[in-house]
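Asks: Sequence:
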Amino acid sequence: MISRVAITPKAAELLRSLRESHDKPLMFHQSGGCCDGSAPMCFTEGTFMTGSSDVHLGDLDFGGPETAPVWISREQFNYWSHTHITIDVVPGRGAGFSIEGPTGRRFIIRSRVFSEQEASELVAPRSG
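Going by our numbering, the residue at position 90 of the sequence shown is 90; the numbering climbs one at a time, nothing skipped.
What the hints contain is simulated information worked out from the structure, not anything from laboratory work. The beta-carbon is built from N, C-alpha and C at its ideal position, and this holds for glycine as well. A couple of the hints might just be wrong.
As the list claims (entries may be wrong) - Label-pair restraints from in silico Cβ distances: (1) Pro102 with Leu122: 19 to 29 Å; (2) Glu45 with Arg74: 12 to 22 Å; (3) Asp23 with Ser115: 31 to 41 Å; (4) Ser53 with Val123: 19 to 29 Å; (5) Thr44 with Glu13: 13 to 23 Å; (6) Gln117 with His22: 31 to 41 Å; (7) Gly46 with Glu118: 27 to 37 Å; (8) Thr50 with Val123: 10 to 20 Å; (9) Val113 with Glu75: 15 to 25 Å; (10) Glu116 with Pro65: 36 to 46 Å.
All chains should be modelled from the sequences, with the hints used to inform the complete structure.
Replies: Rendered as structure tokens:
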């Protein structure tokens, strides 16, 4: 099965640190623009409520006690459905309400277009 989402080792390290400091499961929501551009925003589970207009891209194994689900708005997914998304981290201030803000680092998206072979093997994502 082809994954739609992945995480870099440095982003996984930050996610583990955030998981430890917040002592709650974490999740991502890929924003659709506006104030935070198209930044992946990290929340403690239950802080950001997903709904039927959100698409579950997959779950990140970051070496923590559980995986972190990654969601995207359906409208944004329609634009990005042909791309593999990798969550990375760089120096800077985190987006809006994303919990990494105080760390001096921020999550970013790196993407690439799926190959024809990968695209033919993709499984349809589920809605929230």
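Asks: Starting from the hint list further up, note which numbers the structure goes against and sort them upward.
Replies: Going through the list in order, the structure violates hint 1 alone and respects the others.
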